[in-house]
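K.L.:
Letter by letter, the chains look like this.
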Amino acid sequence: MSHSEVVLEGSGHGHHVPVFEPSPFAVPAKKLAMWLFIISDIMTFAGCLIAYGFLRNAQPDWPRPYHSGTIISVMIMTFIMITSSLTMVLAVRAARAERRDEAFRFTMITLLMGVVFVALHVREWFSMIGQGVTLYKNPWGTSLFGGAYYSITGIELVHVIAALIAFVIVGMGYKRGRYTAVDLENCGLFWQFINIVWMFVVPLVYLMNVAG
Amino acid sequence: MTNASEEQGGTGKYYVVYVCMLVISAIELLVAYRHPGAHELLGALLILSFIGAALGVLYFMGLASENRNAMIGFAVFTLFVLAAINYGWTDSFRILLGVPYAK
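Going down the list, the sequences are from chains A and B.
Going left to right, the first sequence walks through residues 1 to 212 as this note's numbering numbers them.
Going left to right, the second sequence walks through residues 1001 to 1103 as this note's numbering numbers them.
Since no wrong hints were added, every one of them can be taken at face value.
In silico lysine-lysine, BS3-like type, Cα no more than 30 Å apart, as pairs: (1) A:Lys31 to B:Lys1013; (2) A:Lys175 to A:Lys31; (3) B:Lys1013 to A:Lys175; (4) A:Lys30 to B:Lys1013.
Keep in mind the hints are simulated off the structure, nothing from the lab.
Okay, chain A solo, but in the shape it has when bound:
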């Protein structure tokens, strides 16, 4: 007999009736799992950003290469991320109200903005590569700059791409009735988390290094 089953002694039938512990946080198990994943992912990004800050602080010749073109591009990406957060929260809200078409529409708008974000991000990478920034060297200063830059923005980019894949799978599945509003909400939580991380990446990686 598993932990989740008991025999009802008084029933006279000896039925195995599942017994569920009340959720400690009164949230669905899937959502709790997503929150726990996000907390663990916070540690990942915090570790990366603090390691980046450590390196930047300890290197007197840390480059400050970002000119207005890059900063404008990054601010457009920020605008896209924040706007997509709004469309995602509207998608989740519609899903809770069982307005499937509206939820799907907002999810796809979010997906589209995510694709634009990725395109701008890749363009930014190509620009940096074109300026001679690789993992191990750059034309300006300490060789650690490239590795730190590509690591942090790369892990952000991987998260965005993963979320976009989830949007396609869960968004389509939700429209067909395969997935529930909770599943879409979990995608939304992940997307909001990525947006929040971006709100730290922009100031620490870009705005702290605006060319003087």
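The hints should help you fit chain B onto chain A, whose structure is shown.
P.N.:
For chain B alone, coordinates are given in the frame of chain A:
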């Protein structure tokens, strides 16, 4: 975002949060282009980022309307670990101020 009452409410607060986050990003940009000292810039940017992140977590991620135990549990656990992970800064300053510089 789990309360039934919230489902019946309008979407106004989401638009307010959205505008606040855009304004915060714009302020960060302005602060960066004023070229203050590194420490002042870092402090200002981190404060603004934490305000933006708090808005995002509370309203866009819906933690403000979750069960209070969940909110406290997630917040305390996360903030504790984030605080603990900062132990390395003193060593970072030692490398910076030590002679010779690490290259």
